[in-house]
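If you read the protein sequences in the order shown, they are chains A and B.
Here the first sequence stands for residues 14 to 418, numbered as in the numbering used here.
Here the second sequence stands for residues 14 to 418, numbered as in the numbering used here.
Among the hints, a few may not be true.
Treat identical chains as interchangeable: a pair holds within one or across any two.
Stated by the list, open to error - Here are the simulated DMTMM-like pairs of lysine to aspartate or glutamate, each with C-alpha atoms no more than 25 Å apart in a straight line:
#1 LYS67 - ASP57
#2 LYS41 - GLU131
#3 LYS67 - ASP194
#4 LYS99 - ASP156
#5 LYS99 - ASP399
#6 LYS67 - GLU40
#7 LYS134 - ASP156
#8 LYS141 - GLU68
#9 LYS72 - GLU326
#10 LYS314 - ASP60
#11 LYS232 - GLU337
#12 LYS141 - GLU229
#13 LYS126 - ASP156
#14 LYS99 - GLU229
#15 LYS232 - ASP138
#16 LYS99 - ASP376
#17 LYS65 - ASP188
#18 LYS139 - GLU334
#19 LYS338 - GLU44
Calculated from the structure, these hints are not laboratory results.
Protein chains: 2
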Amino acid sequence: MLIVQKFGGSSVANAERVFNVAGIITEKYKEGNDVVVVVSAQGDTTDDLIEKAKEINPKASRREMDMLLAAGEQISIALLAMAIEKLGYPVVSLLGWQAGFNTNSTYGSARIKRIDTERIKAELDKKKIVIVAGFQGINRFGDITTLGRGGSDTSAVAIAAAMHADLCQIYTDVDGVYTADPRLVKNAFKLDEITYDEMLELATLGAQVLNNRSVELAKKYNIELEVLSSFTKVPGTKVKEATKMEKMLIKGVAKDTNVARVMLVGIPDVPGVAFQIFSRLAKAHINVDIILQSVGRDNTKDITFTVASDKGEEAVAAIREYAEKVGAKSLSYDSNVAKISIVGAGMETHEGVAARMFEALGDAGINIQMISTSEIKISVLIDAADADRAVQVVHSAFFDIPNSF
Amino acid sequence: MLIVQKFGGSSVANAERVFNVAGIITEKYKEGNDVVVVVSAQGDTTDDLIEKAKEINPKASRREMDMLLAAGEQISIALLAMAIEKLGYPVVSLLGWQAGFNTNSTYGSARIKRIDTERIKAELDKKKIVIVAGFQGINRFGDITTLGRGGSDTSAVAIAAAMHADLCQIYTDVDGVYTADPRLVKNAFKLDEITYDEMLELATLGAQVLNNRSVELAKKYNIELEVLSSFTKVPGTKVKEATKMEKMLIKGVAKDTNVARVMLVGIPDVPGVAFQIFSRLAKAHINVDIILQSVGRDNTKDITFTVASDKGEEAVAAIREYAEKVGAKSLSYDSNVAKISIVGAGMETHEGVAARMFEALGDAGINIQMISTSEIKISVLIDAADADRAVQVVHSAFFDIPNSF
C-alpha cells in the first residue's frame with residue numbers, strides 16, 4: 014500500500030515530537046507500505062521568520078519572502094530524516110523542487126501545476142521512506158514559491174493524487190473532526206466519517222482542521238483522507254466521497270467570528286444596482302459571503318452582505334461613492350456579528366432541519382439577522398455576543414438525543 | 014567593473030548589521046559596478062542547526078546535515094535581499110544551485126566542479142544586485158551539498174574566477190591581515206599587501222582570516238582578493254600575485270596551538286622504517302606536519318612528528334603495534350606544544366632571517382624543540398606555555414625597528 018502522511022508544525026515542534034512522528038512513520042513502513050511523508054516547518058519557525066523579515070522590510074517582495082519561508086520546511090525535513098536514520102530505517106528528505114512540485118509564479122500563494130514524481134518514485138523503489146517539504150515548490154523560472162498557509166495539506170493531497178496513493182493521512186494536533194468545537198460544547202463528539210462537501214463547508218466555516226484547497230483537491234481526485242492526531246493513538250475522521258448510511262444528518266455546528274455585515278439602506282429599486290455594487294467590491298478584491306436583498310418598497314430596497322471582519326471598512330469605502338450618487342439613505346458596517354452554521358449532506362432530503370435550528374435559537378432568545386442556505390448547510394448571522402451560546406443550543410438540539418432525526 | 018563581495022556570518026548577524034552590509038553593497042552598485050554578493054549564514058545559525066541535529070542524531074548522515082545547514086544561508090540571502098529592496102535597489106537572491114554551483118558528492122566538504130553562471134549573468138543584465146548563498150551547491154543527483162567551514166570564501170572566489178571579476182572583496186570582522194595577532198602583540202600592524210603564498214602559509218598557521226581553499230583558488234585563477242572589515246571604512250589587505258617591492262621580508266608571525274608532538278624513540282636504523290610508520294598514519298587519515306628524524310646511533314634512531322592536537326592519541330594507536338614489533342624503546346605524545354612561524358616571500362634570498370628568529374627566542378629563554386622551513390616560512394615547535402611570549406619577542410625582532418632588514 015502507498016500511504017501519504019502529513020505532519021503539521023506542532024507535531025514536529027521539538028526533538029521529542031520529531032521522534033514521536035518518526036515512530037508513527039516507521040510503524041507504517043515496517044508493515045510493508047511505501048511511505049511518503051509531507052512535513053511543515055517546526056512549531057513557530059514560520060512565524061519567527063516572518064518576524065525577522067518584518068524587522069528588516071515589512072514590504073519585502075513576495076519572492077524573497079518565499080525564499081525565506083521555504084527554509085523552515087528544509088530544517089524540519091532534515092531533522093525528521095535524521096530521527097528516522099537514528100531508528101535505523103532508510104530515508105531521504107526532498108525539498109519541494111526536488112520532489113517535483115511545479116507551481117505557477119504567484120509567490121506566497123502559488124498553485125501547483127504538476128508534480129514530477131520521478132524522483133519520489135525512484136527513492137521508493139530503493140525502499141526509502143521519502144520525506145517531502147510541504148508548502149513549497151518551484152516556478153518555471155527556477156525560483157522558490159510557497160503555497161500559502163495550510164499549503165502543506167495541499168502538498169500532501171497533491172502527492173497522494175499524483176502517486177495514486179491508497180490513503181492520505183493528515184496528522185494534526187486534534188484527533189479528528191468534531192460535531193462542534195469541544196472547548197465550547199462539552200457534548201461534542203468526534204465523527205468517524207464525513208464527506209468532502211461537508212468537510213469543505215466546515216473548513217470554510219472556521220473548523221480549521223483541514224485546509225480548504227486540500228479538501229477540494231482530494232474531492233477532485235477522490236483521495237481518501239484521514240484526519241488524526243500525532244499525539245494520541247486513536248482512529249481519526251475519514252473524509253471521503255460517500256459515507257456510511259446513517260441516521261445522522263447533521264455532521265457539525267461551526268462558528269465563524271471573522272465576519273462583518275455591511276448594510277446599504279434605501280437605494281433605488283431598479284435593475285443593475287446589485288451589479289454596480291458587487292462589481293465595485295470585486296474590483297477591490299473583497300470576497301462577499303452572504304447576500305440579502307430586501308423586497309422593494311416605496312421604489313427603494315436595502316442590500317445587506319457579509320465580508321471578512323477586517324474588510325468591513327474597505328467594503329464601505331469601495332461602494333461609498335456609488336451609494337451617495339444613487340442617494341442611499343445610509344451605508345454602514347458592523348463587525349460585532351458571528352456566523353453559526355450546521356452542515357450535513359443529508360439535510361436537503363429532510364424537512365424540518367432549518368426549523369429545528371431556528372427553534373433552538375429562538376428558545377434561547379437569540380435573534381437571527383441573516384440566513385443563508387445551501388444543499389448541505391444552513392448559516393445564520395447573529396450578534397457576536399450570542400455566538401458561543403448559539404453553538405451550544407444548536408448542537409444540543411441536534412445531538413443530545415442521538416439519532417432523534 | 015564586476016565586483017564580487019563576500020560577507021561572513023558576523024557581518025549579517027542582526028537586522029542592523031544586515032542594513033550596514035546592504036549599505037556597503039549599494040554604494041558599489043551606485044558607482045556603476047555590477048555586484049555579486051556571497052553571504053554566509055547569520056551569526057550562530059549554523060552552530061544552532063548543528064546543535065539541533067546533535068540532539069536528534071549525533072551520527073546523522075552527511076547528506077541530511079547538508080540539507081539542514083543549507084537552510085542557514087537561505088535565510089540570510091533572503092533577509093539581505095529584503096534590506097536592499099528597502100533601500101530601493103533592484104536585487105535577487107539565489108541559492109547555491111540556482112547560482113549554478115555544481116559540486117561533487119562529498120557531503121560536508123564538497124568540491125566545486127563548475128559554476129554555470131548563466132542565471133547570475135542574466136540577473137546582472139537586468140541590472141540587479143545578485144545575492145548568492147555561500148557554502149552550498151548541488152551534486153549531479155540534484156542533492157544539496159555544502160563546501161565545509163569557510164566554504165563561503167571559496168564560493169566567492171569561485172564566482173569571481175568563473176565570472177572573470179575585477180575584484181573579490183572578503184568582508185569579515187577584522188580589517189585585514191596583521192603581522193601578528195593584535196590581541197597578543199601591541200605593535201602588530203596591518204599589511205597593505207601580501208602574496209597568495211604568504212597568505213596560504215599564514216592561513217595554515219592559524220591566522221584564520223581567509224579560508225585556505227579560497228586562497229589556493231584565487232592564486233590559481235589570479236583573482237585579486239581584498240580582506241577588509243564590514244564594520245570600519247578603512248582599506249584592508251590586498252592578496253595578489255606579486256606585491257610592491259619593499260624592504261619588508263617578513264609579513265607576519267603566527268601561532269598555532271592545535272598541534273601535538275609524537276615521539277618514537279629507539280627504532281632500528283634500517284631502510285623502510287619511515288615508510289612503515291607514515292603509511293600507517295596515512296591509512297588512519299592522520300595528517301602529519303613537521304617530521305624530524307635523528308641521525309642513527311647504536312643502530313637505532315628516533316622519529317618525531319607533529320599532528321593536530323586532537324590526533325595525538327590516534328597517531329600513537331596507529332603505530333603502536335609496529336613500534337612494539339620492531340622493539341622501539343618508547344612511544345608517546347605531547348599536546349602541550351605550539352608552533353610559531355614567520356612568513357615572508359623575501360626570506361629565501363636573505364640570510365640571517367632564521368638566525369634572528371632563533372636569537373630572539375634564545376634571548377627570551379625559550380627552548381626550540383623542532384624546526385621546519387620552507388621557501389617562505391620558518392616554523393619552530395616550542396612549549397605551549399611559551400607561545401604568546403614567543404610571538405611577542407619574534408615580532409619585536411623583525412618589526413620594532415621597521416625596514417631594519
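Quick rundown of the hints versus the structure:
no.	hint	result
1	LYS67 - ASP57	both (15 Å within a copy, 20 Å between copies)
2	LYS41 - GLU131	within (22 Å within a copy, 44 Å between copies)
3	LYS67 - ASP194	neither (33 Å within a copy, 39 Å between copies)
4	LYS99 - ASP156	between (33 Å within a copy, 21 Å between copies)
5	LYS99 - ASP399	neither (52 Å within a copy, 45 Å between copies)
6	LYS67 - GLU40	between (41 Å within a copy, 24 Å between copies)
7	LYS134 - ASP156	both (23 Å within a copy, 16 Å between copies)
8	LYS141 - GLU68	between (41 Å within a copy, 23 Å between copies)
9	LYS72 - GLU326	within (22 Å within a copy, 56 Å between copies)
10	LYS314 - ASP60	neither (46 Å within a copy, 67 Å between copies)
11	LYS232 - GLU337	neither (45 Å within a copy, 75 Å between copies)
12	LYS141 - GLU229	neither (29 Å within a copy, 40 Å between copies)
13	LYS126 - ASP156	both (14 Å within a copy, 23 Å between copies)
14	LYS99 - GLU229	neither (37 Å within a copy, 38 Å between copies)
15	LYS232 - ASP138	neither (28 Å within a copy, 46 Å between copies)
16	LYS99 - ASP376	neither (59 Å within a copy, 57 Å between copies)
17	LYS65 - ASP188	neither (33 Å within a copy, 28 Å between copies)
18	LYS139 - GLU334	neither (65 Å within a copy, 42 Å between copies)
19	LYS338 - GLU44	neither (70 Å within a copy, 54 Å between copies)
Of the numbered hints stated above, those contradicted by the structure are hints 3, 5, 10, 11, 12, 14, 15, 16, 17, 18, 19, listed in ascending order.
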